[in-house]
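Asker: Once you have looked at the hints, place chain S on chain D.
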Amino acid sequence: MSLDDDDFELFGLPRRMSLQREPIEQRRRELQAAVHPDRFAAQGAVAQRLATQWAMRVNEAYRRLVDPLRRAAALCELAGVAVDEHRNTSMPADFLMRQMQWREALEEATSKAEVQALACEVGQAEAGLQEELVRLLDDRGDAQAAAVAVRAAMFVRRFGQDVEARLDTFKD
Amino acid sequence: MALLQISEPGQAPDPHQRRVAVGIDLGTTHSLVAALRHGQPECLADPQGDVLLPSVVRYLPDGSTQAGEPARQVQSEDPENTIVSVKRLMGRRLADLAGASRLPYRFVDSPGMVSIDTCAGPKSPVEVSAEILARLRQRAEDSFDSELYGAVVTVPAYFDDAQRQATKDAAQLAGLEVLRLISEPTAAAVAYGLDRGVEGLYAVYDLGGGTFDISLLRLQRGVFEVVATGGDAALGGDDIDHALADWVLSALAVQARTPQDKRAALVASRAAKEALSQIDETFWQATLDGKVRALKLRRTDLESLARPLIDRTLALVRRVLRDARLRAQEVAGVVMVGGSTRMPLVRTLVAEVFGREVLTDIDPDQVVALGAAIQANALAGNSRDGELLLLDVTALSLGIETMGGLVERVIERNSPLPAAKAQEFTTYKDGQTAMAIHVVQGERELVSDCRSLARFELRGIPPMVAGAARIRVTFQVDADGLLSVSARETGSGVEASVVVKPSYGLTDEQVTHMLQEGFANADADMQARKLGESRVEAQRMALATRTALEVDGPLLTTVERQALLALVVALEQRAAGPDADAIDAAVDALAKGSEAFAALRMNRSIRDALTGRRVDEL
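Top to bottom, those sequences are chains D and S. Oh and the first sequence: position 166 is 166 in the working numbering, straight run, nothing missing. Oh and the second sequence: position 222 is 222 in the working numbering, straight run, nothing missing.
Bound-form chain D, shown alone (with noise of 0.2 angstroms):
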C-alpha cells in the first residue's frame, strides 16, 4: 500500500466502469477506520500529520470511485487518454443541437411542472450515458470513445444542475 497507488489499486476494486456503489462505500469506511487522525488522536503531532494525508488520498479516491462520472474519466486517464473537460469542448453537432433546444425549454419553461419534466428527460439522459460508458469502458476498452462520452455526460449534468436551480424558485 502507498500514496501512490491508484484510486482502484487502493480500494481493492477492479479497474472496472460497472461498479456496486455499496462496496466502495464500505471500502472507505474500513480504509478510514485504519487511517483517519481521530485513530492516532494519543500519538502526536507527526502521526497526525501522516494520518492527515492518507485520510485526504482515501477521500479523494472515494469520491472519483463513488461518482460513476469521474470513475469513468479516471478509467480514461488510466488508459492514458486524458478527458480535460474544461479545455475540450468540442462536441457532435446533433448533441450540441439538443444542449440547444434543452436550453430554450428551461427559458421558456413558466409552471413547476414542465421544469419537473425536463429535471427528468435530462436525467434520463445522464443515465444513458452512463450505461453507454459501461459498454465502451468494460467491453469494448475504447477509452478515446468512452473520454468524448464522459465529456457530454459533464455537460449534461452541468445543464442538469441548473433546472433544479430553477426548480428552487418554485414555491412548494
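Hints listed in this document are in silico derivations from the structure and should not be mistaken for laboratory results. Don't take every hint at face value.
Distance condition first, Cα-Cα at most 25 angstroms in a straight line; then the derived DMTMM-like pairs of lysine to aspartate or glutamate [to be verified]:
#1 S:Lys429 - D:Asp84
#2 S:Lys429 - D:Glu85
#3 S:Lys291 - S:Glu80
#4 S:Lys530 - S:Asp581
#5 S:Lys421 - D:Asp5
#6 S:Lys421 - D:Glu77
#7 S:Lys421 - D:Asp4
Only some residues are given here: those of chain D computed to face chain S with a beta carbon under 10 angstroms [what the hints assert, rightly or not]:
#8 Glu25
#9 Arg28
#10 Glu60
Only a predicted model underlies this, so the values are computations on that prediction, with no experimental measurement involved. All residues carry an ideal CB built from backbone N, CA and C; glycine is no exception.
Answerer: Same frame as chain D, now just chain S:
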C-alpha cells in the same frame, strides 16, 4: 520468541490511568461541559447544581470579569460591558453583522474580526469566548480534581473557516488542549446513536440561539458518517426574540432607544417566547424608559412571527435532502437539538416534512455536550479500539477568484474530511510574473457574493506567453475543518510556494501575546504554566511512543528500536527537570526521530485493514 519487556518499578506507564477529556458545547445562549463518569456521559454542574452556564461575560472597570449567571442578571443594567451571544460575532467583521445597530455594544471594526469596546478596553469575541471556556475548564478540573488531558469543542456544522479558527483560538487562549473541533449535529447523533445502538439514516435538526444546522448522518456499527449538511450561521432563536421585540414595541407604540431599553426588550421577549412553549397565553413585561410596559401575548402571535424563520430552516432541510439525493421518507429518525426546538410549532413543522415524530428524549440543551464528551473520551484513548469513528464533511464550498470576479470551486461542499484537492490555473497576460490568489468560501458564482477568506500573492513566475504558466493551487482541509492553501508554479520547473492561514484566525504570536497579557501580573504563574504544559506534552509523547514500540517494535531493527528508546528516555529525564525549553527540544527530537516509525506503522495498519477485509470475503 520476542523477549517480554519489564519496566522499572514506579516507572511503568499505567495504561489504565484514565485521562480526563471533556466535551464542550460553546453555545450562543448557554455553554456546557460534559465528561464520562462510570462509562456514562454527564454534564458537569457548578456548585449550585446548574449545568447550563449562560454565555454571558461582563467586564468591570478594574479589568476583572464576571461570567455566567451573575453576568446574565445584570445584562440590562450594564449592557455595554456585558456581552451576550458572542458566538454570533466569532470570526465576523462589522460589515458581516446584520442588525448590529440593534445590539447595545460599541463596536470597533478591527481587521479580521470586530471587537467590542468595554470599560476594560477593546475585547475580541475570541477573548470573550475564552472567558466562558476558562470557567468550564475550571468547573471540569474541580469536578475531577485533576488537570484536563484535552477537550472536544463543538461548532455549528455550518461554521465557516474563520469561525472555526476563532473557536479554536478561544479554546487555546483558555488553556485547553483541543483534541478536535466537531460539528454540533454530529455530536448530537453520537449521543443518540451510541445510547440506543441505532443504525440507518438520521437527520439532526439543530436550531440554537444563533445558528441553524441540518445534517444527514448514516450510522453503521459505530461509524457516524455525515452524508450532507447545510444551514445558516446567522439564523436562530435570537432572531425570533428580535422579531418579537420589534413587534411588541410597535404594538405598544414605544421605542427602545438606550442600550438598557434595547436589552430589556430582548430579555422580556425571550422570557415570553419560552413561556409560550408551555402555555397558550402570557404577559410580555419590561421596564422601558423608567415605565413598566406590558402586553398580553398569545402563542399564535408568536407563531405567526416565527413562521417565516422556521420556513427558512425547512427550505434548507429540503435542499440538504436534495444535495444527498435522498427522500425525506428514507430518514429513520429525526433528532432535535437546541433550545429553540422546544417550540411546539418547530416540532410540528419538522415532523410534517419528514412524515414522522421527532426525537426529543435527550435534553436538547445537553445532547451536544454529551456527544462531545463521548468523542473526547475516545480520542483520549480511554475507550476500546474501533468503537467510534466520526466521518465529517465540509459544509461550504471553497474556491478561488478567477478573471471577471467569478469563483472557481476547488473543494465542493459536502466533501468528506479531511480533504485535499489541487487544481491548475494559468496566467492572463504575456510576461505575467505574479499572480494574486484570493481564497473564498460559499456557494455563489460571484466572488462578491462569497465570503473572502484570504489573499496572497505568488511571485517569481518566469515570464511566459499568456496561458503557458501552470500554477498548481492546493487546498487542504484538515479533520477540524480548517483550511490551508498553497500555490506552486510547475510549468517551467521553477517553483515558488506560499501557505496561507485564513486572515480571520489569530497568528500564534497573537495568541501567545494574549495569553501573556492575561498573566502579566503573575509572571511566575506564567512560567509554571508553561512548564506544566510542556510536561504534559512530554508525557503524552513518551507514553505514545512506548506504547507504539511495545505493539509494533518488530517493524524496526534492533538498532533503530534502541535509538528511538534512547530518545524516549532522554525526554522522560528532561520532563522531570525544571527547564521547559529543554523539554520542548526533547519533544521535537523525539518527533523527528519517530517519523519513519510512524510511517511504517501507518502503512502496516492500512495493510491490516485490507487484509482483514480479504479474509472476510473468503
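Asker: Confirm or reject each hint.
Answerer: Hints, one by one, checked against the model:
| no. | hint | in the structure |
| --- | --- | --- |
| 1 | S:Lys429 - D:Asp84 | holds, 23 angstroms |
| 2 | S:Lys429 - D:Glu85 | holds, 23 angstroms |
| 3 | S:Lys291 - S:Glu80 | holds, 21 angstroms |
| 4 | S:Lys530 - S:Asp581 | holds, 9 angstroms |
| 5 | S:Lys421 - D:Asp5 | holds, 17 angstroms |
| 6 | S:Lys421 - D:Glu77 | holds, 17 angstroms |
| 7 | S:Lys421 - D:Asp4 | holds, 15 angstroms |
| 8 | Glu25 | holds, 8 angstroms |
| 9 | Arg28 | holds, 8 angstroms |
| 10 | Glu60 | holds, 6 angstroms |
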